[in-house]
Amino acid sequence: MQLDRLVSFHKALADPTRVRILALLARSPLHGQALAGKLGVKPPTITHHMSKLREAGLVKEKREKNTIYFHLEKTALQRKAVAILEYVERESPMKESSQEWEIVRHFFTPQGQLKHLPAQRKKRWMVLKYLMREFPPGETYTEQTINERLKKYHEDVATLRRELIIHHFMYREKGIYQPNPPELWSEMPG
1 MQLDRLVSFH KALADPTRVR ILALLARSPL HGQALAGKLG VKPPTITHHM SKLREAGLVK
61 EKREKNTIYF HLEKTALQRK AVAILEYVER ESPMKESSQE WEIVRHFFTP QGQLKHLPAQ
121 RKKRWMVLKY LMREFPPGET YTEQTINERL KKYHEDVATL RRELIIHHFM YREKGIYQPN
181 PPELWSEMPG
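Positions 1 to 190 (UniProt numbering) are the ones given, in order, by the sequence shown.
Just so you know, these hints were derived from the structure itself, not from any lab.
Heads up, some of the hints might be wrong.
Have a look at the derived ranges for each label pair, beta carbon to beta carbon [stated by the list, open to error]:
#: 1; residue 1: Lys115; residue 2: Pro43; range: 16 to 24 Å
#: 2; residue 1: Ser51; residue 2: Thr75; range: 18 to 26 Å
#: 3; residue 1: Thr75; residue 2: Val19; range: 14 to 22 Å
#: 4; residue 1: His116; residue 2: Met188; range: 43 to 51 Å
Lysine-lysine pairs mimicking BS3-like chemistry, simulated, CA-CA at most 25 Å apart [as the list claims (entries may be wrong)]:
#: 5; residue 1: Lys122; residue 2: Lys151
#: 6; residue 1: Lys42; residue 2: Lys11
#: 7; residue 1: Lys74; residue 2: Lys115
#: 8; residue 1: Lys52; residue 2: Lys74
#: 9; residue 1: Lys38; residue 2: Lys11
#: 10; residue 1: Lys65; residue 2: Lys129
We put the beta carbon where it would ideally sit given N, CA and C, even for glycine.
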């Protein structure tokens, strides 16, 4: 999940009224008037909060005759709540091994640019693993998106893309890329 989407999710939850709305919707779908009555606020306030929750993908609307009912997107709420933990773990510099981080950091400039792809297979694998931080699991990416993200690190995006596929960090089908879970990655060369 992209960082801006995570931030949007947490901004949506940064208001007590919105959290109360989600709690009410967890019990059952409600329309705006009912929400306003239960929360003791005016309908325009509910409209404002619902737009924020909708933008964050936490509620959906369903029209029944002239009334719009709001439904909690429980799956989205759970997925996004877990995503922040995954993001924090992924962003911690090479938490698996400080020795691994020491090796990887020698291939990057202080500005985060990849100096060059290591020739040694083990070090190359570690650098590719590091680059996978850009591609959270469970999402799919177009080749253009892959290129844009890899371009931040190095101009030769075709080689980086190819290496990610070769080492099974990613799977490609019909121009769509999907990160593989770590269990499917090739083993780190010895």
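Numbers of the earlier hints that this structure fails to satisfy, in rising order = The structure breaks hints 1, 4, 7 and 10; every other hint is satisfied.
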